[in-house]
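Participant: The chain contents come next:
2 protein chains.
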Amino acid sequence: MKVGTHPTAATHAHGTVLTSAPQDAPVDRATAAARRVVDAMLRTDRGNANLDRVAEELNSIADHLEEHAPEVAERLIDMWNGEGVTRHDPVTGPENAIAPPLVLEGLEDGSVRGTVTLTMPYQGPPGCVHGGVSALILDHVLGVANAWGGKSGMTAKLETNYHRPTPLFEPLVITGRLVSVDGRKIRTVGSITTADGQLCVSVEGLFIDKTVPRPR
Amino acid sequence: MKVGTHPTAATHAHGTVLTSAPQDAPVDRATAAARRVVDAMLRTDRGNANLDRVAEELNSIADHLEEHAPEVAERLIDMWNGEGVTRHDPVTGPENAIAPPLVLEGLEDGSVRGTVTLTMPYQGPPGCVHGGVSALILDHVLGVANAWGGKSGMTAKLETNYHRPTPLFEPLVITGRLVSVDGRKIRTVGSITTADGQLCVSVEGLFIDKTVPRPR
Chain A
1 MKVGTHPTAA THAHGTVLTS APQDAPVDRA TAAARRVVDA MLRTDRGNAN LDRVAEELNS
61 IADHLEEHAP EVAERLIDMW NGEGVTRHDP VTGPENAIAP PLVLEGLEDG SVRGTVTLTM
121 PYQGPPGCVH GGVSALILDH VLGVANAWGG KSGMTAKLET NYHRPTPLFE PLVITGRLVS
181 VDGRKIRTVG SITTADGQLC VSVEGLFIDK TVPRPR
Chain B
1 MKVGTHPTAA THAHGTVLTS APQDAPVDRA TAAARRVVDA MLRTDRGNAN LDRVAEELNS
61 IADHLEEHAP EVAERLIDMW NGEGVTRHDP VTGPENAIAP PLVLEGLEDG SVRGTVTLTM
121 PYQGPPGCVH GGVSALILDH VLGVANAWGG KSGMTAKLET NYHRPTPLFE PLVITGRLVS
181 VDGRKIRTVG SITTADGQLC VSVEGLFIDK TVPRPR
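Residue numbers (the UniProt record's numbering), protein chains in the order written: chain A, 1 to 216; chain B, 1 to 216.
Hints may be right or wrong, so weigh each one.
Covered, in the sense of this in silico footprint (three residues per stretch, anywhere, with C-beta under 8 Å from a C-beta of chain A), are these stretches of chain B [stated by the list, open to error]:
1. 108-118
2. 124-134
30 Å max Cα-Cα, derived BS3-like pairs, lysine-lysine [as the list claims (entries may be wrong)]:
3. 210/A to 151/B
4. 157/A to 157/B
5. 151/B to 157/A
6. 210/B to 157/B
7. 157/A to 210/B
8. 185/A to 151/B
Rather than coming from a laboratory, the hints here were simulated on the basis of the structure. From the three backbone atoms N, C-alpha and C, an ideal C-beta is built for every residue, glycine too.
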């Protein structure tokens, strides 16, 4: 993410939304619908939902979308152009059906915070969030916390600690906060807790102040 | 995962497939088609692909799938019944459109290994795999490596180290191996390398021999 185009705790108000808010745009509506399909596919009756017909319809939609897709190199330039906050990442991206998507706000104490309820596609142990999904979400949240702290870096090390199983189907509170900067080393922490404050997962990240150039 | 129902390095041949192989079944075909939609949605021309019509069609499919979905509690019992290997997890599950899906084999040296090419939905930095996606994949691979080693446990700690950006759109080699068992503590390592052997991500996991009961 480009530093400078991002709101930071030093310049913006408590409660500033730091992720791409869903817009009233066709691509956001189509992606939200795709997200419903991904979820419902895991829940539907395998023997009684005429899934061969569903496969045909989905392949027909995929064909249509692909027919209107530019070359990947061209698309990459376009998707990284413009606003500083990505709309396509797998955690907060309104245009990515893999993303729950998580919405994060910057708080005046320097932390970032969001609430998300995860469903069937994110399952690991029975009825619980996959441990790797928790790591995915927290890695991303630490990056957003870095930006709110006025920094930007590549993940060098991520230490994720699992304290208790993280439940599906109920609101989870996700937080992150930049704790120190030492030369190019940025240290950031985060957590996933239940709504009543039980700590499920905590994370410590080390980031190096270096970014991958945008395609152009 | 249930220990005892899984093939292990002690009982099974080099090259045994440890993940759910895609089947010639309607649900696998429908999920593969949904995966195509998720990917193509990120690549298609936002202004020229009639995405409001696409949203209508996808919502209609989601409505249909939901009309044929049992209650979540009932579905959970069903999805955790039967074969030891899950078909619905977000990394290897043929029935989960979020999963690439990754196929893993058990090798006679005790390690597990698979190859996967990741595309647009898994992007973090421009043209690169999201660091959290690498953690998600490796967490799951360590669990499969534990099973191949004859063990099963919940993730307690996952330390992920990022050595260089992990490229999208080219084959990545994913490995895992149980390295030690000390009482209930299981230690397992894994990595993501490019096809020509460059190390992108390495991981060390600590697992505790304890499982979440299956719903019934």
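Participant: Evaluate each hint against the coordinates.
Facilitator: Cross-check of the supplied hints:
For the segment 108-118 of chain B, the stated coverage by chain A is not satisfied: 0 residues place a CB nearer than 8 Å to a CB of that chain, which falls below the threshold of 3. Requiring three or more residues with a Cβ within less than 8 Å of a Cβ of chain A, the coverage given for the segment 124-134 of chain B holds, as 9 such residues are present. Between residue 210/A and residue 151/B the alpha-carbon distance is near 39 Å, which puts this suggested pair outside the 30 Å criterion. Distance check on the hinted pair: residue 157/A and residue 157/B sit about 13 Å apart at the alpha-carbon level, within 30 Å; holds.
With a C-alpha separation of about 27 Å, the suggested pairing of residue 151/B with residue 157/A holds against the 30 Å cut-off. A hinted pair counts as satisfied when its Cα atoms are at most 30 Å apart, and residue 210/B with residue 157/B qualifies at roughly 14 Å. Pair hint residue 157/A plus residue 210/B holds up; C-alpha atoms about 27 Å apart against a cutoff of 30 Å. The straight-line distance between the Cα atoms of residue 185/A and residue 151/B is roughly 37 Å, outside the 30 Å bound, and the hint therefore fails.
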